[in-house]
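Visitor: Spelled out, the chains give:
There are 2 protein chains.
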Amino acid sequence: MVTIRVILLEPLYGGNIGSVARVMMNFGFRDLVLVNPPVIGDEARTFASNPNAIDFLESATVVGSFEEAIHDSNLVVGTTSKMGETENRHVRMPAYSPKALKAKFDGKKGNVSLVFGREDRGLSSNELSRCDIIAVIPTSASYPVMNISHAVAIFLYELQDLSPGQYPLADRYNKDLLYEHIHEFLHKIPYPQHKLEKTALMIKRILGRAELTGREVQTLRGVLKRTERAIKEGRESER
Amino acid sequence: MVTIRVILLEPLYGGNIGSVARVMMNFGFRDLVLVNPPVIGDEARTFASNPNAIDFLESATVVGSFEEAIHDSNLVVGTTSKMGETENRHVRMPAYSPKALKAKFDGKKGNVSLVFGREDRGLSSNELSRCDIIAVIPTSASYPVMNISHAVAIFLYELQDLSPGQYPLADRYNKDLLYEHIHEFLHKIPYPQHKLEKTALMIKRILGRAELTGREVQTLRGVLKRTERAIKEGRESER
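Sequence lines, in order, name chains A and B. Once you know that position 70 of the first sequence is 70 in this note's numbering, the rest is easy, because the numbers rise by one and skip nothing. Convert by adding 239 to the 1-based position in the second sequence; the result is the number in this note's numbering.
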C-alpha cells in the first residue's frame with residue numbers, strides 16, 4: 001500500500017495550513033510535514049475547525065528543509081499549476097493528473113510525498129527538479145491558480161482509497177545515488193555541455209515515472225558501472 | 240450539454256463565498272447564486288484572490304429564497320455530508336458520489352443546480368426533500384464535514400468536462416406538477432397516512448434519479464389522470 005505524506009513547502013498563511021489539516025482529516029490522511037511554516041496561531045486553528053483536526057495540525061512535523069521532508073519518501077510528487085513550456089519542459093513535464101496518480105499508485109507499496117509550494121509562487125524550478133514526478137490539476141486555462149487547500153483537497157479525494165499491493169518502490173537514497181550517477185556519467189561521455197542538465201533531468205523524469213523497484217535501481221547502477229569500466233579500459237568486452 | 244449552477248444557501252462567511260468564487264473560476268464555471276448571503280465585503284474579495292474572480296463574485300445572483308434559486312433548474316442536486324439514516328432515509332438516500340454525478344450528466348442536456356447548505360448545519364431535511372437527488376463526497380467516517388469551498392472544489396473538479404449530449408432533462412415546472420400530482424394521488428387511494436409522506440418522497444427520489452425527459456413526465460401524468468378517472472368511475476375500463 002502506498003502511504004501519502006502532504007508536504008507544504010514554506011506556506012505563507014496559517015489559514016491555509018489549517019484548511020489543509022482539516023481536509024486531510026476529512027479524507028483520513030495523517031502525515032503532514034511543514035517546511036519553514038509561519039507560527040501556527042489562531043487563524044490556522046480556526047480553519048482546522050474540528051478539535052481533532054486542531055490536534056492533528058499541532059502535531060504536524062516541522063522541518064527546516066525540503067531534503068529533510070522527503071528523505072524517507074520513495075517517490076516525491078511536485079505539484080504545480082503551470083504546465084510545462086518548451087524552454088524547461090523536463091522540469092514541468094510530463095505532468096500527471098490526480099486520476100493518473102491514483103492509477104499509478106494502486107497496487108504499489110511505499111511512501112509517497114505530495115509537495116505543495118508557496119501560495120504566491122509555488123515550487124521553484126530547482127525544487128521541481130528534485131521531485132520524481134510532476135502533477136497538475138486540470139483547470140481552466142484562464143485562471144489555473146488554485147488555492148493550496150483546494151488543490152490538496154482534490155489530490156486527497158482522488159487518492160483516498162488506493163488499492164493495496166506489494167510492488168515495492170525503490171527507496172529515496174538509492175534512487176538519488178542512481179540519479180547522481182547518471183549525472184556524473186553524462187560528464188564522462190562526449191555529451192554537449194549545454195544539453196547535459198536538461199538531459200539528466202529528462203532521464204530522471206523517465207525513471208521517476210517508471211516507478212523503479214530497489215532491484216531495478218541496483219541493476220541500472222550496475223550497468224552504469226560496467227559501462228564506465230569499459231570506457232576507462234577503452235575497449236569493448238570480449239564476447 | 241448540462242450546465243452547472245452553484246447555489247450557496249444562506250452561507251455564513253464571506254471568506255467561504257470568495258473561495259467558492261475562486262474555485263468556480265479555476266474550473267471554468269460561471270453561474271453562482273447566493274440565497275440570503277451576508278454582505279459581500281473585503282474578506283470575500285480577499286479569498287476570491289484574482290481580479291476576475293472578484294468581478295465574478297460581485298456579479299453573482301442574489302435571491303431571497305431557495306425556490307427562486309432553482310426555478311429554472313431541470314435537476315436539483317442537494318449536497319450533504321451526512322449519509323442517510325433509517326429514520327428518514329428517503330431524504331438523504333440514495334446519495335450519489337461526484338463521480339456518479341459525472342456519469343449521470345454526461346450526454347445530457349439541461350440546467351443542473353448543485354446546492355450547498357449553511358456551514359454549520361447544512362441543508363435542512365425540508366430543503367433536501369425539495370432536491371431531486373442527493374450527493375455526498377466519500378470521506379473519512381471520523382470527520383466527514385468538509386469546508387464548503389472544498390466540497391464545491393471536488394464537485395466542480397469532477398464535473399468540469401461533461402460530455403455534450405441531446406438527452407433533454409424535463410423542466411422543473413412540469414416535474415413539480417408531477418410530484419404534486421403523485422402526492423395528491425396517494426391521498427386518493429387507501430394508503431396508510433403515516434407512510435404517505437415518506438412514500439411520496441421515495442417516489443420523488445426514484446423519479447429524480449431516473450432523469451426524466453419532458454415527454455416522460457407528461458406520460459406519467461397522463462397515467463395518473465386516467466387512473467384517477469378509473470377510480471372516480473369505480474370501474475376498470477372495458478377492454
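Honestly, I wouldn't trust all of these hints.
Computed cross-link-like contacts, DSSO-like style, restricted to lysine-lysine with a CA-CA straight-line distance of at most 27 Å [said to hold, decoys possible]: (1) 321(B) x 102(A); (2) 82(A) x 198(A); (3) 104(A) x 348(B); (4) 427(B) x 471(B); (5) 99(A) x 348(B); (6) 471(B) x 99(A); (7) 338(B) x 102(A).
Simulated from the structure, these hints should not be mistaken for lab results.
Visitor: Which numbered hints are broken by the structure, listed smallest first?
Guide: 3, 6
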